[in-house]
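Going line by line, the protein sequences match chains A and B. Following the working numbering, the numbering of the first sequence begins with 17 at its first residue and continues without gaps. Following the working numbering, the numbering of the second sequence begins with 183 at its first residue and continues without gaps.
Treat the hints loosely; a few may be bogus.
[What the hints assert, rightly or not] Each computed SDA-like pair below joins lysine to any residue, with the alpha-carbon atoms no more than 25 Å apart:
1) B:Lys268 / A:Gly53
2) B:Lys226 / B:His246
3) B:Lys268 / A:Gly81
4) B:Lys309 / A:Ala68
5) B:Lys312 / A:Glu70
6) A:Lys123 / B:Pro281
Hints are computed from structural coordinates only; laboratory data are not their basis. None of the values given here were measured: they were computed from a predicted structure.
Listed here are the chains, written in short residue letters.
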Amino acid sequence: MTSLRRSIGVLTLLLAAATPALAQEQAAAGRIKVVSGAAFIVRGMETIPARAGELVFAADGLRTGEAGSVGVTLKDDTRLSLGPNSEVRLERYVYAPGTGGLGMVLKFVRGVSAYVSGRLARLAPESIRLETPAAIVGVRGTTLAIRVEEQ
Amino acid sequence: MSFARPLAVILALTLAAACGPKRIPAPSRPSPTRVVLLPDADGKTGRARVTNEFGSTDLTAERHSVTAPPDRRPGAAATLTEAEVKRLFGGALAALPEPPRYFTLYFQFDTDQLTPPSRALLPEILKAVKERSFPEVTVVGHTDTMGTPRANIELGLKRATTVRNILVRAGLAESLIEVTSHGEADLLMRTPDSTAELHNRRVEISVR
């Protein structure tokens, strides 16, 4: 019984210790700088109209409609933009040089996008993963455009 | 009684529609993907490697492009014309945010005073911020490799905070500024550990 109580106590401590790490991961990853037409942030089950100045977080998706486009600049100065009828997900974003955390996974789901690498690509190019439906793109200090073709 | 049966039929159909497979998006065969390498803002062109489970293709020159099919290796790299790049990718390229602007500031040795050339950059920094509609300013402190990594994070943060205060005194809104430190993790000049190097003791500002 005492040992059970003790392990609950330990568990609580562990959870408390884990909380700051969670909070840190929820810091903003970047900001929307350019929007025209129908453009949205997809956050969990929510679809939020994208407005210039709005913050973007890790795990967010970006989606555009018929004549929409959107451009964001991430904290490490990576730039990302979507043309019409497009979708890209920021599956993972960690940018904490000095304390060790670096990494980004972008998933290009459909449509047309442009990517300009930032400091992440300079500090840890191997920590960046650009996924498309048919291939993975490895980058070294690069400007790219990606088009997922219609079936 | 007379419409109990049609009602039941409608109910059954509705349930079937709700529970049945939802509009299967045609057996999901992944889409082919086209990638093009473009020059960076400084005019140089980087490199990219497009890889799937069947093979990979390197893009090494401006407007080099490749299409990766989902079920075969990526094709050979071919160079697109500028008109083709615009036609295929223009919709996204037009929405890219402006490139960030960078400034590097140095301190006079062992003081918290900026060197005169660094001080002279201040008006230019404020101007770059004013030119943007949703500006953000990151102030990053860097150190050389003297001392421990942990102490250097602290030291970098101290330097960055000093610069933040200088920028605020010069008229920049404090809410736009984020202060961080990379310590000795992001050297401008590569050196071994425990090396005093003036060029690594700096504060980098990015305006985006």
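We went through each hint and held it up to the structure:
1. At most 25 Å may separate the alpha-carbon atoms for a hinted pair to count; Lys268 of chain B and Gly53 of chain A meet this at roughly 19 Å.
2. Between the alpha carbons of Lys226 of chain B and His246 of chain B the distance comes to roughly 14 Å, so the proposed pair stays at or under 25 Å and holds.
3. For the hint linking Lys268 of chain B to Gly81 of chain A, the alpha-carbon distance of about 20 Å falls within 25 Å, and the restraint holds.
4. This hinted pair checks out: Lys309 of chain B and Ala68 of chain A have alpha carbons roughly 21 Å apart, not beyond 25 Å.
5. Using a Cα cut-off of 25 Å, the hinted pair Lys312 of chain B and Glu70 of chain A holds, with the two alpha carbons roughly 18 Å apart.
6. Between the alpha carbons of Lys123 of chain A and Pro281 of chain B the distance comes to roughly 22 Å, so the proposed pair stays at or under 25 Å and holds.
Comparing the model with each earlier hint shows no violations; every hint is respected.
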